[in-house]
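Participant: Residue numbers (my numbering), protein chains in the order written: chain F, 1 to 386; chain V, 1 to 386; chain Z, 1 to 386; chain P, 1 to 386.
If you are wondering where the hints come from, they were derived from the structure by calculation, not from laboratory data. One thing to keep in mind: the hints can contain errors.
Which copy is meant is left open, because identical chains are indistinguishable; a pair holds if it fits in one copy or across any two.
[Stated by the list, open to error] Within a straight-line C-alpha distance of at most 35 Å, the following computed DSBU-like cross-link-like pairs (lysine-lysine) qualify: (1) Lys-10 with Lys-127; (2) Lys-253 with Lys-10; (3) Lys-129 with Lys-10; (4) Lys-115 with Lys-323; (5) Lys-253 with Lys-331; (6) Lys-179 with Lys-331; (7) Lys-10 with Lys-115; (8) Lys-353 with Lys-179; (9) Lys-353 with Lys-32.
4 protein chains.
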Amino acid sequence: MEIPIGRARKARQTFGFDDVALVPGATTLDPKDVDLTCELATLRLDLPLLASAMDAVVDVRSATVLAELGGLGVLHLEGLQCRYEDPDPLLERIAAASAEEAVTVIQQAYQEPLKNHLVERRVAELKEKGAKVAVSPTPIFAQRAAEIIGPGNIDALFILATVTTARHISSRYQSPDFKRLADQVQAPVFVGNCVSYQAALELMRAGADGILVGVGPGAACTTRRVLGIGVPQVTAAADCAAARDDFETETGKRVPIILDGGMRVGGDIAKAIAAGADAVMIGSPLAAAEEAPGRGYHWGMATSHMGLPRGTRIHVGTSGPMKQILLGPAKRDDGTLNLFGALRLSMSCCGAKNIREMQQAEIVVAPAMPTEGKALQRAQGVGGTR
Amino acid sequence: MEIPIGRARKARQTFGFDDVALVPGATTLDPKDVDLTCELATLRLDLPLLASAMDAVVDVRSATVLAELGGLGVLHLEGLQCRYEDPDPLLERIAAASAEEAVTVIQQAYQEPLKNHLVERRVAELKEKGAKVAVSPTPIFAQRAAEIIGPGNIDALFILATVTTARHISSRYQSPDFKRLADQVQAPVFVGNCVSYQAALELMRAGADGILVGVGPGAACTTRRVLGIGVPQVTAAADCAAARDDFETETGKRVPIILDGGMRVGGDIAKAIAAGADAVMIGSPLAAAEEAPGRGYHWGMATSHMGLPRGTRIHVGTSGPMKQILLGPAKRDDGTLNLFGALRLSMSCCGAKNIREMQQAEIVVAPAMPTEGKALQRAQGVGGTR
Amino acid sequence: MEIPIGRARKARQTFGFDDVALVPGATTLDPKDVDLTCELATLRLDLPLLASAMDAVVDVRSATVLAELGGLGVLHLEGLQCRYEDPDPLLERIAAASAEEAVTVIQQAYQEPLKNHLVERRVAELKEKGAKVAVSPTPIFAQRAAEIIGPGNIDALFILATVTTARHISSRYQSPDFKRLADQVQAPVFVGNCVSYQAALELMRAGADGILVGVGPGAACTTRRVLGIGVPQVTAAADCAAARDDFETETGKRVPIILDGGMRVGGDIAKAIAAGADAVMIGSPLAAAEEAPGRGYHWGMATSHMGLPRGTRIHVGTSGPMKQILLGPAKRDDGTLNLFGALRLSMSCCGAKNIREMQQAEIVVAPAMPTEGKALQRAQGVGGTR
Amino acid sequence: MEIPIGRARKARQTFGFDDVALVPGATTLDPKDVDLTCELATLRLDLPLLASAMDAVVDVRSATVLAELGGLGVLHLEGLQCRYEDPDPLLERIAAASAEEAVTVIQQAYQEPLKNHLVERRVAELKEKGAKVAVSPTPIFAQRAAEIIGPGNIDALFILATVTTARHISSRYQSPDFKRLADQVQAPVFVGNCVSYQAALELMRAGADGILVGVGPGAACTTRRVLGIGVPQVTAAADCAAARDDFETETGKRVPIILDGGMRVGGDIAKAIAAGADAVMIGSPLAAAEEAPGRGYHWGMATSHMGLPRGTRIHVGTSGPMKQILLGPAKRDDGTLNLFGALRLSMSCCGAKNIREMQQAEIVVAPAMPTEGKALQRAQGVGGTR
């Protein structure tokens, strides 16, 4: 449905998590009978969860914990972990910075050059821990990264930038060849981010084994403000899921859609799957884990850009161990704990036995109700502690 | 009207109380000539009012007061009243808890096992007071509860869960048979909650004598945030009322629709009836009564869930005796007192002689006006007392 | 355009002042060439302005000032002015009350019985001052009021209630006969309030010489919250203007539409006229005049209802003499001063020479911009004085 | 798409910056390959940037800096610069005024009469600095200003008022003849402001060489509140761009559209171009430059109106040198620094090589996301400095 926004100019209406809600099914299930496993190319996960390739979320330690819980942490190969032998002092400095100096401190920390031997070492450390190994370079670094990694050492390669297309044009460098990279590392290649049907379809045709969907939605992301660019996640998920389905019809290959960013609570994850995602990639909710490297803070990787930072540092606090965040039990009622217990219960209310059935759940347009957030505010206002 | 929310994906637009307003009729009535009585299966009430089966709202004492005023209190059979001989110390503890520890205190209080003899005793106490007896088990406990209650001791049985369908599937237990339960207790069986036409119709076909409508709207409810599930109440009421009307056409039996949750002021109740409800079930506005067990606090029954609390404790204060809340006189102008005097006046302005005529009142889409709330804020800001 | 709000249920979308904006014309005028005069039945005013029949706005003194400036003050015949020989102490008490006790103080003040000799005296005082005399009883008191007033003593009679219809049904009393009343007082009879095409048309057919339009919009009004009733003013104006135009086509008689309530700034008045109103009736902006009886406060007449107050007391402050509020010069930039200088300039930008042309100005749907209010907040935040 | 807003009354839905977002392209570009130059009549600029003809933004010094950076500052010929030999003490006084007295201080400052020799001198000073000379009179002063300026001394004449039409009617004075003025000063004449297709087209037909688009959107503008008039900028840009395209088809002459006002961050500028603008005119973001005359404050020129001020003084602070605001590097992540670095990156994500291609970028309707602003608020809340 295109709406005229001016003479001779139309625009589609788009929708985000706060614009929609799920309708309980006419059938309901016992939550114990719900299956949360998901298949992403050759990967099989117990939870449809990837942790963002962000320095406040994933290091070797948190990736190992995530793997034990059934998810997958993606280590950023151009982050602090591959710039410093010991990134802890830097992480401390970022956490200790005042709000005013945070961006500058982050910009400086990322000035330290990337070190090939650290890329190699982090991959080795992950492999050693027995966790599934997933790492992420940007498109420009992808070819070099694949060579450093070598064949058979990782389980998945994520080639990520704010916006990635199969038709990037530069007078300075060449775009990566996804199929060749997959051959080199002998693992599926996930590519992102994109938000439109056309861009997703072209990435699939160019050989991507999975697609990351999301431009501008994250809690620590200011892309929409700085660049004006972004598509709300429910529409982005539905559009790219349509590309997945059309591509599957066309070729028989199912390229999974991973919705990346903007999910804060269990309800958002349920909506993401219902909108068509095969899995979700989340950052800020996991940065609040005791095992997360961020020490109660979270920042976007684009925050470090020297000329035009497009992310910010946010305070997320520490809400408990990763296990409690993902699987409970929740001691809080604000939806930030037991994210996948919530997904399980939500699916049972929608009568969805598994992820594929949840992708058919009924969605309604229902702007976030005032009471939704106010109940919590009122509750918290009483004791005044938080 | 389905709106495209993404490629190959549509969603209906839905509406809540704050999205609509009522249009005065071309005929108006003297408020004294308005009839507020309602019929719910075999029950006849002077007011179209049920009090929520929540521990902060209904105990034997408040149910008795509600009955005297013309409404009906529903006692939760799995709440504190049936777990403790004397629940007062627990209610005190919940009211005294800090905002931070409230959920934990509630979770602990509900760990005490349910006691069959207390179920029996509360039913007997209600009967003794001469009040209409309405009690509520969850679906899993319903069969056992009916056996404890026995035949002829109650006036209505409410089988309630967050989402209830006629087609619940579990590998662990069996869904209750509504008709058999009604026979056992010799009283009508009300079932809920649901929000869609299909689910309501199927519950009617499965033998429900009344339907509770509402998933996620309550002031102390965080279902929409935690699970992503919920349908705004005006649309839910209209959808389920359509099921009621179609079922009546089909079978000749009128199964009343009780809109449950999300109403805070008189205007919300008027909108609920206009949207198609036969009666309303309210919680937080009654928790503020002097006779309510909540001591100025209110919490959802799902708050006590150990793994995934889906409600919160809110401070509602104490605004006056139950009689003043329901029938006035109001000494405040914020719509929270004299709820049914307000309904009466609203119906007179809409030219509706009775509930059935009010169900035809004209509704318009009219987002809550800024001045609506601001007038009160401004007023309250001056003296600063509240 | 009716929108489905639920199965088998539709509702029209409605619009208020904050939802729309005016488009400058393709022709513009010199503001000096704009004519603001208006004709309301047999009345001709220099400004299309009536002051609300509210005790904080109109007494003999402020009505006289309003008449000198080109507007018309309407004195409420059932307000404090006709209950007390000297209402000043009561007005003082209301202004001095704390926010918490304000409603109670107002309720008590209006317990004093109405006095026929004071009705007579206030009419005489107004006449003596040479001002146009406009007074307002409620429908129940209208017949008795007309007898007290007698023939030839007033210029206009306003019969006002929250909602007035030509088909009011009561088992206790009879509705007033507008034509007979007009004959008795020998002056046009204005009737209100209504908000729908049908109700307006029927009031015209029943003999009303002018129609007051507005249910629930006022700054001191809580009707929408308490009763759920109200139609946003832009839609109400357009609907009732259509009734006016159809009635004029049908009978040749033009019954003017006076939009009553909800206007706070010059822009709102311009939108009211553009939506179809022949004149506006405003309250709270005039209660802030030095000559207003409210002493910096304003309250709805329905605030005094003992059982169900449907208005509140708001603090409006004192912003200057009535002349400055209506005609400037403005020393503030928030739109609350020089209301009719603003209307004149707005009309010149829309290329409208007079009120009738302004009723054709182009309206767009344009939700109030964040910057609109924020500019002022930011400005005021700097010095912190206000 | 016209929406019924009342019986027999329709209105178009309009859109502003916060209502829309841009969709990344299916092709992306290396930002280094993006061309930001723009052509405005005979002017060629390195950046599509004009600085508002406002006293807090443009004086000889800041215009010179702007020219060096590739933009164009427009000096207001009726501002303080042409009323006072030395405007510094006045600018100091305005900056030092309390929020309460700011409007009065501004009104007084502009009471000093305009001086012809100062008009002449400012033009000479600009020319001397080697900067492109752009100056702005109001329509009434335009003819006299052209005579003072003389032929060949300026590069562009901007004739600006809140609303300007080709068919202004006044019984007191005559509208300016754009073609004659262009001949007199031997430079292109830019005219504004307008917001509709019809008004823009008529100004083009009347000889305007460029059109300024925007009524009511600016940060320091209260036109929408005071007059009720205004069209959100995305719709205004699209409508006037359609007039430009139709006029070009009709005559072969391309009259550029400059979107004036309401842009605060890089994303807004990107949306302005995507909506059809050839360049932008911005005020408040530049008033925060170290070189700006406003000393951390900004005010609308209409603030000085004695009878009806329609602007306000806002605090913008000082965020860095003009170069950093326009071209970075940004040390903040809120989108207010490196505005044109942001535009370059945004264009690269949309696959737009130049301004003309960016005018075809895909726009979606996507209300500003809560997280968009909240991320920053949260970040800033931590250290508490700002």
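Participant: Determine for every hint whether it applies to the structure shown.
Facilitator: The hints, checked one at a time:
Taking identical chains as interchangeable, the C-alpha atoms of Lys-10 and Lys-127 are never at most 35 Å apart, the minima being 51 Å within one chain and 44 Å between chains. For the identical chains of this complex, Lys-253 and Lys-10 are neighbours both inside a copy (34 Å) and across copies (25 Å), given an alpha-carbon limit of 35 Å. In this assembly of identical chains, Lys-129 and Lys-10 lie within 35 Å of each other by CA distance neither inside one copy nor across copies; the values are 53 Å within and 45 Å between. Within a single copy, Lys-115 and Lys-323 get their C-alpha atoms as close as 32 Å, and across copies as close as 34 Å, so both meet the 35 Å cut-off.
Proximity of Lys-253 and Lys-331 under a CA criterion of 35 Å is satisfied in neither setting, with 42 Å inside one chain copy and 45 Å between copies. Within a single copy, Lys-179 and Lys-331 get their C-alpha atoms no closer than 46 Å, and across copies no closer than 38 Å, so neither meets the 35 Å cut-off. Taking the closest pair of Cα atoms, Lys-10 and Lys-115 never come within 35 Å of each other, the shortest separation being 48 Å inside a single copy and 48 Å across copies. Taking identical chains as interchangeable, the C-alpha atoms of Lys-353 and Lys-179 lie at most 35 Å apart whether they share a chain (34 Å) or sit on different chains (28 Å).
In this assembly of identical chains, the alpha carbons of Lys-353 and Lys-32 lie at most 35 Å apart only when taken from the same copy (10 Å versus 50 Å across copies).
Of the numbered hints given earlier, the model fails hints 1, 3, 5, 6, 7; all others are met.
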